[in-house]
Amino acid sequence: MYAFLLRRLLMMIPVAIGVSVLAFLFQELSPGDALDAMIPPDVAVADADLEYWRSRLGLDQPAPIRYLHWMGRVLQGDLGYSLTSHQSVGRMILNRLGPTALLMAFALLLSTVLGIATGVVSAVRQYSWLDYLLTVSAFFWLSVPGFFMGMLLIYIFAVWLAWVPPFGYSSPGAANVWLDRLHHLLLPGISLGLELTAALTRYVRSSLLEVLGADYIRTARAKGLSDVVSVLKHGLPNALIPVISVIGLRLPALFGGSVVIETVFQWPGMGNMLVNAARSRDYPVVMGVTLFVSVMVVISTLLTDIAYAVADPRIRYH
Amino acid sequence: MQTADTCTTDNSPATPGTEKRPGRAGFWARLMRHRLAAAGLVFVILMVAATVLGPILSPYDPNEMNFLHISQPPSRQFPLGTDELGRDLATRLLYGGRISLAVGVGAVAISTSLGLALGALSGFLGGRVDAIIMRVAEIFLSVPTLLAMIAIAPLVGPSPTNIVLALGIFGWPGVARVTRGQVLQVRSELFVEAATAVGGSRLRIIARHVLPNIAAPVIVAATLQVATAILTESSLSFLGLGVQPPTPTWGNMLHAAQSITVVVQRPWQWLAPGAAIALTVLSINFIGDGLRDALDPRWQKRS
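Chains as they are written, first to last, in the working numbering: chain A, 1 to 318; chain B, 1 to 303.
There's no promise every hint is true.
Covered stretches of chain B (in silico footprint by chain A; criterion: 3 or more residues with CB under 8 angstroms from a CB of chain A, positions within the stretch not fixed) [unchecked claim]: (1) 144–152; (2) 238–250; (3) 256–269.
Some residues of chain B that are not near chain A, with every Cβ distance over 12 angstroms (derived) [claimed, not checked]: (4) Pro55; (5) Glu84; (6) Glu138; (7) Val186; (8) Ser201.
Everything labelled a hint here was simulated from the structure, so no lab data went into it.
For each residue, glycine too, the CB sits at the ideal point set by N, CA and C.
Could you put together the complete structure from these sequences and hints?
This is the structure in structure tokens:
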């Protein structure tokens, strides 16, 4: 297991470096440099002064050197400064991390539970009308764009039925803060989670069907176990192992989806900040968020790989 | 073709050779038997025809503003209503569909060519080349496509051409992985070994034996990617970072309808373009699923 962990960690290093090079290239392509970001646009600065500060800050160095400098700062958590608010990008991300983490965790939890449940039902009742309905609706959830789903849910549940607030993070003066938060979380969480739910429904279904044909399930039934026990206790755990990697593969899409959903529901997270920054061409913030999210994806891919290896010992020896 | 196909269906224990290459007639029959795929195909054909015939079907100019008819609900004169500048929404939907569909197909043409080439290279050469290409694929997969597009769009300018290029460049790892996996599998098959043994050149083996056998999964992956590309472009345009108005796309028609007042009071302004995206993507996904079954009978009932 330790050998596997070590190998996997070593494989992560070139990917992490590659992602940072990609982010650095984006930054290189963007107009202006770190110095321009520090000077308010309405202040006139002499060219000689600019020249002086460029060389002081090392901005006149060749690109590879600048990459190393930049990387050194990034590793210390310094992602530069916003062009509009002049705040530290690292701090801005930290301030927005909570709502995004809450939204994603809710969507992930919801879709995992729902996806596994519907997948099991679909597989156990293969070719029934219920299976057909779940399969077709899974296709539907995979095809409806997140923002359209969000607008539909707002129209139906917030405007028409008025069960939940249409957007925002909290209502001022709510009696129970957590209940109020949950109310605000429901629609964006569902809109974000539906796609992953659908992917899981389809995957759990096919994975469980494959497992149910295995010899050990026949053995379990032959020795007198009920259908429920043989499916849930012997079949499901084995069927769920490949599902771990499906969740891992879908995580980047979940990050992308949260950007759209946060914009629709005016959720005060990272995605919302990213879109606003992109609209005002605030490149340091855009690059900072992109790099941060990519590193999160690399780390969560590593975690899913480890989870897979824990669940399925065969993987470790590949 | 016809005889080869009846041969496989009549003799149930078919010889492995004939089973591998389904005849064209059998392919269409199988695709049409997948009812959802058939429905999807009909819908996509109708949609393409409608967007191509847009100027004939609609008497309006998609960008002509008419301040006498601002934000009107659907009526006989404007079947889908008008937007906040008095433009006919049905016309904009037809013209917008052209761009949305073209962006999807164009992006996948690029990403599939790139993915096919790099994946094949990776699978054939193996070793260091394989390791490098697969690591680079992993790097591209670590940056969520939508975020990459948000980062690139302001840099290169959000014209449809640039969006197609960017989507194509970021879409290759998926196809590359499928291609590589297939090449690795086919390369170790007996018929490739046999072809090498009788002295077939490398190029001939690739063209005659390997490519036809990896085509099916690549076609399926490419079809499903068209759906993803259309979704990504529409998300980007919805956020106001994609194709810029007044050029209509399905995504930026929804961008204009983002405010809560529009969502609540003028649902016709966002329902139609949203439904157009959803139904088109759904149809393409159905076609992809049907192709998966039709191109390779061995895969049937697996998903």
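Evaluated hints:
{"no.": "1", "hint": "144–152", "result": "holds (count 8)"}
{"no.": "2", "hint": "238–250", "result": "holds (count 4)"}
{"no.": "3", "hint": "256–269", "result": "holds (count 6)"}
{"no.": "4", "hint": "Pro55", "result": "holds (27 angstroms)"}
{"no.": "5", "hint": "Glu84", "result": "holds (16 angstroms)"}
{"no.": "6", "hint": "Glu138", "result": "violated (5 angstroms)"}
{"no.": "7", "hint": "Val186", "result": "holds (21 angstroms)"}
{"no.": "8", "hint": "Ser201", "result": "holds (33 angstroms)"}
Consistency note: the structure conflicts with earlier hint 6 alone.
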